[in-house]
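Asks: Protein chains in written order, with this note's numbering: chain A, 1 to 468; chain B, 1 to 468.
Simulated from the structure, these hints should not be mistaken for lab results.
Take the hints with a grain of salt, since some may be wrong.
Any copy will do: because identical chains look the same in the list, a pair fits if it lies in one copy or spans two.
[Unchecked claim] Here are the simulated lysine to aspartate or glutamate pairs, EDC-like style, with alpha carbons at most 20 Å apart:
| # | residue 1 | residue 2 |
| --- | --- | --- |
| 1 | Lys247 | Glu430 |
| 2 | Lys247 | Glu433 |
| 3 | Lys267 | Asp417 |
| 4 | Lys123 | Asp388 |
| 5 | Lys375 | Glu64 |
| 6 | Lys6 | Asp444 |
| 7 | Lys213 | Glu433 |
| 8 | Lys270 | Glu380 |
| 9 | Lys395 | Glu430 |
| 10 | Lys140 | Asp464 |
| 11 | Lys436 | Glu297 |
| 12 | Lys270 | Asp199 |
| 13 | Lys268 | Glu195 |
There are 2 protein chains.
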Amino acid sequence: MIPRFKLLLLFFLLFLSALYESRAQSNRQPNFIVILADDLGYGDLGCYGHPTIRTPFLDQMATEGKRFTQFYVGANVCTPSRAALLTGRLPIRNGIFGKRVVFFPNSANGLPHSEITIAKALKTKGYATGLVGKWHLGSKKEYLPLSYGFDSYFGLPYSNDMGKVGSFGPTASDQAARVNTNPPLPLYRNNEVVETEPDQRQLTKRYTDEVLKFITANRSKPFFMYYASPFPHVPLYASEQFSGKSKRGLYGDVVEELDWSVGQILKKLKELKLDKNTVVVFLSDNGPWLMKNRLEEVGGSAGPLYEAKGSTYEGGMRVPAIFWGPGLVKANTVSTAVATSMDILPTFLNLAKIPLPTDRPLDGQDITDVLNGRKDKGAEVVYYYDADRLYAIRKGPWKAHFTTHPSYSPEAPVPHDPPLLYNLEVDPGERYEVGKKHPDVIEDLRKAFEKHRAGVVAVEPLLDAIVE
Amino acid sequence: MIPRFKLLLLFFLLFLSALYESRAQSNRQPNFIVILADDLGYGDLGCYGHPTIRTPFLDQMATEGKRFTQFYVGANVCTPSRAALLTGRLPIRNGIFGKRVVFFPNSANGLPHSEITIAKALKTKGYATGLVGKWHLGSKKEYLPLSYGFDSYFGLPYSNDMGKVGSFGPTASDQAARVNTNPPLPLYRNNEVVETEPDQRQLTKRYTDEVLKFITANRSKPFFMYYASPFPHVPLYASEQFSGKSKRGLYGDVVEELDWSVGQILKKLKELKLDKNTVVVFLSDNGPWLMKNRLEEVGGSAGPLYEAKGSTYEGGMRVPAIFWGPGLVKANTVSTAVATSMDILPTFLNLAKIPLPTDRPLDGQDITDVLNGRKDKGAEVVYYYDADRLYAIRKGPWKAHFTTHPSYSPEAPVPHDPPLLYNLEVDPGERYEVGKKHPDVIEDLRKAFEKHRAGVVAVEPLLDAIVE
């Protein structure tokens with residue numbers, strides 16, 4: 001038997017140690033990690049209802065945190081969505097739109113240096129900042145991540161199909177043309193190309209290692225890690241450990257490896273006792289790329305939502321989003337609050353006690369109180385842009401489509417007057433048009449639509465210029 | 001301070017009491033509860049990905065138990081699906097099919113008395129058996145539940161739209177005709193009508209009370225409770241406590257009240273310390289009734305699946321299914337094993353150590369080892385019947401449609417030769433027909449299709465006869 005006083009002493013020491021740990025964590029500014037999947041659909045995770053893709057780590061992350069069911073991104077394709085996330089501003093304000101929908105290897109521009117990214121803002125309070133993975137906001141040297149507040153960068157500067165292999169254009173000839181003209185896919189370490197055409201099967205493991213090293217190296221100061229996976233954007237690659245393992249085929253293999261990667265990160269935070277003072281966000285940049293009628297296995301699923309990447313229907317812009325952070329994010333909760341990727345910047349800045357920029361409009365809002373469970377209401381209005389054209393808005397449960405267009409279709413956009421009206425909370429699949437029953441709602445949304453358009457100052461489109 | 005020996009004694013007594021409790025529970029034959037929702041779609045619960053219906057109790061049941069993602073019912077509409085569940089046999093074998101798709105108030109027949117229901121089988125080992133809710137296997141006195149092994153019955157004998165109010169036929173004129181000819185909706189206690197046209201807003205609460213009373217009354221003997229909710233079949237009714245509470249509208253209110261009802265039952269089992277020796281199954285009888293183009297708010301959602309109630313696409317016959325039973329069902333697991341509602345009878349009989357009937361073919365199999373986690377593989381083949389016509393089969397991940405027909409459509413069924421082929425594990429939404437790539441698979445499924453048809457002995461259809 002252990003003598004009683006020794007037992008008491010042991011408990012006391014354990015208590016002191018726990019108290020110290022807890023205070024040590026909460027006295028520091030919180031750490032932030034954003035994990036961004038590429039083209040992952042609303043329905044592609046176990047906790048969002050996919051029947052055969054297994055995502056135990058993300059499901060557990062949801063159980064330990066807050067899973068959002070009405071979370072939006074700022075654009076329906078990659079480049080403008082990433083610009084919106086990092087700046088808290090709609091693409092129409094930061095210029096990341098054009099006839100070309102994203103940056104390509106031969107694009108001349110990048111994100112304007114005047115934009116304040118999450119990384120740049122956090123650096124003002126001494127945060128260590130790192131980006132691992134996909135950038136896609138400019139690939140000329142002056143537009144690489146180190147010019148935007150990131151201390152370090154390791155990854156591909158644009159999509160994983162923009163090299164010599166596995167390019168996926170909208171048509172076969174377009175695809176062939178790109179493979180011919182693209183330079184070999186560059187892998188950067190900071191501002192230097194350290195490899196070309198890296199073995200993409202190893203990317204998830206290599207990126208995960210980089211993220212874990214960054215966390216370990218910065219464990220004693222506040223940090224911000226932006227981990228932007230290249231997957232499940234096509235071409236799909238999984239490591240040997242995951243290849244052929246998912247019932248969902250290669251797409252499932254790739255998502256399951258990404259799930260593993262997230263699990264590794266949360267495990268490392270717990271090991272280093274950083275879990276009580278770190279907020280981790282997992283989300284996708286836009287809806288799934290369906291590859292309609294071309295490649296049935298490689299396109300993801302928007303679950304119950306209609307349409308996909310490139311569309312302003314829900315499937316294009318509503319994404320899976322899980323926030324995790326014991327103590328900061330209320331555990332085991334599902335939120336139906338409307339929120340957007342542009343809320344991340346103001347929320348992080350508030351948690352880090354950094355004032356928001358006052359010299360420019362922001363399109364996101366601080367959702368700290370939604371995360372900690374004090375309320376369950378977020379954005380009042382959501383804007384659905386396609387390039388510089390406002391296609392639709394959501395206000396409360398109502399969505400009005402003023403223009404529609406099927407994703408990746410050669411057809412012209414179709415204007416609607418009166419707009420098509422759906423109640424998204426009753427009918428998330430946008431199946432039942434109900435405008436005739438609700439003329440008052442249509443008028444209200446029309447006013448909000450016009451008010452927003454009147455308030456946006458047009459800037460120059462930046463996506464179209466090409467390097468000569 | 002409590003003296004140490006008292007503390008030790010206390011722990012010892014707690015340990016003995018826990019040991020006794022556990023042995024007392026596990027030495028008894030297990031109790032069984034089947035909770036059957038009506039027309040609940042695959043996508044209508046939080047844990048199956050619905051964005052705005054909140055089902056915390058069912059989500060928790062899934063966390064404490066096993067959630068199936070490829071679980072099927074024996075038919076795509078109510079009456080034959082219930083017959084299949086209770087007998088472990090396809091409708092083609094027990095006669096529950098016809099030109100009329102279900103029993104109506106004026107139907108002359110019922111389930112054949114020669115059928116062995118779960119209740120009748122469990123009675124051979126002294127089980128207390130009760131049915132609360134919807135029967136729908138015959139409403140003449142000789143076809144009421146007490147003739148099929150149930151000790152007690154409280155509920156409506158058929159669908160909640162088959163009375164004088166709120167009838168929903170496929171067309172408006174059909175609907176009006178039914179309201180005129182139907183007798184007032186009868187509420188039975190055993191073999192007696194105790195009310196007509198009961199206030200349906202109170203049904204979930206009243207049924208829940210009945211179930212809780214049954215459990216409490218039978219706490220010291222093995223029991224089987226079959227709780228068949230009338231909802232979310234139309235017309236939809238929720239109690240005052242739930243009305244107007246869900247963002248999903250009335251349909252959501254009704255599902256959220258059903259979720260509450262399930263929560264009450266699991267709570268009662270824990271209170272009575274029956275939880276370690278009771279298996280609870282929650283499932284739906286078929287896919288959602290979409291009410292296409294008629295009533296946008298009252299139709300459920302099949303989530304990522306295609307089509308709905310009345311169809312042999314996945315949306316018609318794959319349902320949410322959660323098994324719960326600490327000690328008997330492995331907790332916090334998701335199973336992609338293919339299983340069916342006809343597996344419930346052989347599984348319960350095995351757990352209760354009752355031999356299976358040997359004088360007739362069963363279409364289900366014992367899935368005890370799937371439930372306890374020893375394996376994750378269930379049925380090899382799934383059959384999709386529409387009345388007596390075999391429309392499609394699934395074998396492994398593959399599904400071949402030999403005939404298709406949109407749900408509740410006046411169009412004629414369309415035969416397919418070669419059959420349409422889908423890989424359900426890669427493409428659960430049945431979007432990408434891949435027959436041309438897999439002629440060998442088509443041949444394999446064609447053989448399984450013919451073999452099954454050759455092995456089924458035709459019986460008389462029982463759904464069509466009408467009381468003169």
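Asks: All hints are to be evaluated individually against the structure, with a verdict given for each.
Replies: Hints and how they fare:
1. For the homomeric pair lysine 247 and glutamate 430, the shortest alpha-carbon distance between copies (15 Å) is at most 20 Å, but the shortest distance inside one copy (29 Å) is not.
2. For the identical chains of this complex, lysine 247 and glutamate 433 are inter-copy neighbours only, at 18 Å across copies versus 36 Å inside a copy, given an alpha-carbon limit of 20 Å.
3. For the homomeric pair lysine 267 and aspartate 417, neither the shortest alpha-carbon distance inside one copy (52 Å) nor that between copies (53 Å) is at most 20 Å.
4. For the homomeric pair lysine 123 and aspartate 388, neither the shortest alpha-carbon distance inside one copy (31 Å) nor that between copies (70 Å) is at most 20 Å.
5. With identical chains, the CA atoms of lysine 375 and glutamate 64 are at most 20 Å apart within one copy only, with a shortest distance of 18 Å there and 28 Å across copies.
6. For the identical chains of this complex, lysine 6 and aspartate 444 are neighbours neither inside a copy (70 Å) nor across copies (71 Å), given an alpha-carbon limit of 20 Å.
7. In this homomeric assembly, lysine 213 and glutamate 433 never come within 20 Å of each other (Cα to Cα): the closest approach is 51 Å inside a single copy and 45 Å across copies.
8. In this assembly of identical chains, lysine 270 and glutamate 380 lie within 20 Å of each other by CA distance neither inside one copy nor across copies; the values are 36 Å within and 42 Å between.
9. For the homomeric pair lysine 395 and glutamate 430, the shortest alpha-carbon distance inside one copy (15 Å) is at most 20 Å, but the shortest distance between copies (33 Å) is not.
10. In this homomeric assembly, lysine 140 and aspartate 464 come within 20 Å of each other (Cα to Cα) only inside a single copy, at 14 Å, whereas the closest approach across copies is 74 Å.
11. For the identical chains of this complex, lysine 436 and glutamate 297 are inter-copy neighbours only, at 15 Å across copies versus 39 Å inside a copy, given an alpha-carbon limit of 20 Å.
12. When the C-alpha separation of lysine 270 and aspartate 199 is checked against a cutoff of 20 Å, the pair qualifies neither within a copy, at 31 Å, nor between copies, at 53 Å.
13. Taking the shortest Cα distances, lysine 268 and glutamate 195 never come within 20 Å of each other, neither inside one copy (28 Å) nor across copies (62 Å).
In the structure shown, a violation is registered for the earlier hints numbered 3, 4, 6, 7, 8, 12 and 13, in ascending order.
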